[in-house]
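From just these sequences and the hints, can you work out the full model?
Protein chains: 2
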Amino acid sequence: MPTDGPGPKPTERPRTPVKITDVATLAGVAPMTVSRVINTPDRVSPATAAKVRIAIDQLGYVPNLIAGGLSSRRSRMVAAVVPTIAHPMFAGVIQTFTDAMRLAGYEVMLSLSGYGENDKEALLRALLGRRPDALLIAGAAHTPGAIQMITESHIPVVEIWDVSSRPIDMQVGFDHEEVGQEVARFFLAKGHTRFATISADDPRALQRTQSFAQAMHRAGGIVIGESTVKAPSTIMAGRQALAGMLPNMTERTALFCSSDLLAFGAITEARKHCLAVPGRLSVCGFGNFELSAASEPAFTTVNVEGAEAGQIAAGFVLQRLTGNGPRQEGHWHVPFRILERATT
Amino acid sequence: MPTDGPGPKPTERPRTPVKITDVATLAGVAPMTVSRVINTPDRVSPATAAKVRIAIDQLGYVPNLIAGGLSSRRSRMVAAVVPTIAHPMFAGVIQTFTDAMRLAGYEVMLSLSGYGENDKEALLRALLGRRPDALLIAGAAHTPGAIQMITESHIPVVEIWDVSSRPIDMQVGFDHEEVGQEVARFFLAKGHTRFATISADDPRALQRTQSFAQAMHRAGGIVIGESTVKAPSTIMAGRQALAGMLPNMTERTALFCSSDLLAFGAITEARKHCLAVPGRLSVCGFGNFELSAASEPAFTTVNVEGAEAGQIAAGFVLQRLTGNGPRQEGHWHVPFRILERATT
DNA sequence: GTGAAAGCGCTAACAG
DNA sequence: CTGTTAGCGCTTTCAC
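As given, the protein sequences belong to chains A and B, one line each in that order.
Take 1 as the starting number for the first sequence in our numbering and just add one per residue.
Take 1 as the starting number for the second sequence in our numbering and just add one per residue.
Read the hints as simulated data drawn from the structure, not as lab findings.
Quick caveat, the model's predicted, so the values are computed rather than measured.
Possibly wrong hints are sitting among the right ones.
Any copy will do: because identical chains look the same in the list, a pair fits if it lies in one copy or spans two.
[Unchecked claim] Here are the simulated lysine-lysine pairs, DSS-like style, with alpha carbons at most 27 Å apart:
| no. | residue 1 | residue 2 |
| --- | --- | --- |
| 1 | K190 | K120 |
| 2 | K19 | K120 |
| 3 | K120 | K51 |
| 4 | K19 | K51 |
| 5 | K120 | K272 |
| 6 | K120 | K230 |
This is the structure we're talking about:
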């Protein structure tokens with residue numbers, strides 16, 4: 001069509017999305033052959049494959065994965081649900097998981113659920129309606145309705161960041177109560193008798209700080225403050241929480257914060273008020289965010305191998321998806337460890 | 001099947017995913033009616049709708065959006081591509097965008113491209129193959145191949161975080177060079193003549209710091225250091241960069257960092273070496289992360305309305321998708337502003 | 001207000 | 001190695 005006006009494109013391109021039949025026609029083969037060139041190249045003769053590939057390039061063909069998924073009943077996509085990505089904690093897991101899955105040919109559909117439980121079921125419906133091949137979901141506290149929907153989707157499920165007694169399917173996480181107990185042990189070994197906590201109000205954070213408090217209690221310690229702030233954690237919330245406790249911090253105190261953000265805030269506020277850290281106030285955070293190692297003073301925190309968790313979760317999912325062997329139990333306790341730095 | 005063993009479920013549920021025909025049969029209507037109850041309830045009599053809804057609940061029916069999408073040619077899904085979510089900058093935009101889109105019935109498929117350009121085209125192919133109804137993509141620097149693929153997908157596209165001269169379609173962002181110039185003006189007004197920059201090596205960060213440096217040069221300032229670190233920015237990189245510049249910081253110096261993380265690192269390191277801030281070293285960051293306001297000293301930074309950007313982007317996309325009026329030009333300069341705090 | 005027929009673009013299964 | 005046939009589960013279109 002040389003009279004169609006000054007089109008910027010030298011080659012002619014169809015306005016409508018190119019489909020497999022267009023490629024097939026141009027290459028002079030059947031649509032099925034085109035499909036094979038894309039999905040199982042080894043089952044096509046090199047000569048034919050070459051022809052087809054030229055046609056694909058020439059037309060700029062992008063296969064419709066929606067149609068393919070409907071036909072093959074595999075979407076080559078997995079859904080992931082986390083409360084937020086603002087938190088380095090989840091960001092690491094997701095990044096690693098995404099990379100590993102993409103390498104295996106799966107795309108990750110990431111959804112943010114927020115901390116409210118208000119419309120999690122609606123979110124799940126929207127997600128599961130797209131027929132993901134697997135589901136990654138943060139936390140182990142779900143409504144009965146949510147659990148039922150997930151179960152009935154009959155896909156592999158990995159719950160991350162939590163290890164509960166009644167897993168839906170597979171789990172990669174750790175026991176938050178163990179963390180609290182471990183931190184308690186750590187402080188007790190240093191001779192602390194007075195303690196405080198600052199915690200976000202999400203279930204996992206509370207588990208960590210409350211089990212810490214209980215362990216301290218059992219050991220005869222005395223609580224001088226248990227502050228709870230709204231999730232997600234912020235530095236400011238940590239500062240304010242510490243400011244509120246300041247009057248009670250008359251003696252050497254051990255503080256456990258449910259997040260490094262809170263810990264950093266607490267330390268910042270303490271120093272502003274000339275409360276010696278770690279002389280008067282010992283602080284342990286959680287998460288090993290970059291902040292904990294790179295700020296001055298670097299502060300003690302609990303490190304959880306988030307990247308490793310993402311890797312393991314991807315491994316679990318892929319093993320189930322590629323169906324090697326029987327339906328294996330997937331269960332992994334992500335190791336955690338206290339990293340002692342300058343604030344204890 | 002009463003002899004099938006002790007099933008935990010009281011009600012009988014099909015092992016195979018239930019489909020629209022199952023619901024239709026149970027409700028005694030045609031599949032099409034079920035479809036209408038779900039998508040256009042007002043075109044169904046209340047009585048019929050009630051019957052159908054009971055059947056849906058009873059069977060736990062979750063509509064297959066893949067099939068629906070293939071048929072209707074609308075996936076009710078939009079794809080979003082950002083380099084990383086570890087950065088509060090992008091996290092904010094994405095969070096807002098996702099919320100706004102979900103409210104309108106669209107799910108957001110979020111993908112992380114990383115900072116390397118290695119396989120962005122492959123990523124785009126995987127994304128566009130799922131036939132998203134729209135595309136949100138960070139940055140305006142794309143390979144010709146990528147641009148072509150995007151163009152040929154014939155969907156609304158919003159480039160965020162950048163405003164370039166040759167937009168693919170719509171844009172929501174700001175001119176990074178303007179930011180640099182503005183910061184230069186700010187420092188010049190305070191009588192600075194010596195300056196330095198610390199920048200991540202991604203294109204946008206470099207634009208900000210280089211235009212700052214040029215403006216300072218033009219005003220007769222002298223550069224005592226231009227440090228570049230690998231993206232993404234970290235606090236540690238900021239500390240190291242500053243440490244490297246320390247020998248040259250013999251007089252009052254103005255430092256512009258391409259990210260608040262770098263700025264915080266620089267300030268931390270400067271204080272460690274007893275370099276007075278802001279006496280000897282004035283620092284301005286970028287991004288207005290919580291850290292900039294909540295650390296001590298709170299530091300001067302450039303605030304960009306990320307949340308607003310996400311909102312505007314969603315508005316652009318939705319307006320195009322719902323097709324109100326003609327194909328409008330979408331172009332929005334996100335406002336930015338220097339927030340002066342204790343480090344300048 | 002409801003239903004029947006046709007087909008979205010692709011791939012599984014089977015032939016050749 | 002390649003092609004043909006028959007759907008995947010839903011919605012569009014048109015008829016009633």
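Status of the hints after comparison with the structure:
no.: 1; hint: K190 <-> K120; result: neither (43 Å within a copy, 51 Å between copies)
no.: 2; hint: K19 <-> K120; result: between (36 Å within a copy, 22 Å between copies)
no.: 3; hint: K120 <-> K51; result: between (48 Å within a copy, 26 Å between copies)
no.: 4; hint: K19 <-> K51; result: within (16 Å within a copy, 40 Å between copies)
no.: 5; hint: K120 <-> K272; result: neither (41 Å within a copy, 46 Å between copies)
no.: 6; hint: K120 <-> K230; result: within (19 Å within a copy, 38 Å between copies)
Violation of the numbered hints given earlier is confined to hints 1, 5; the remaining hints are satisfied by the structure.
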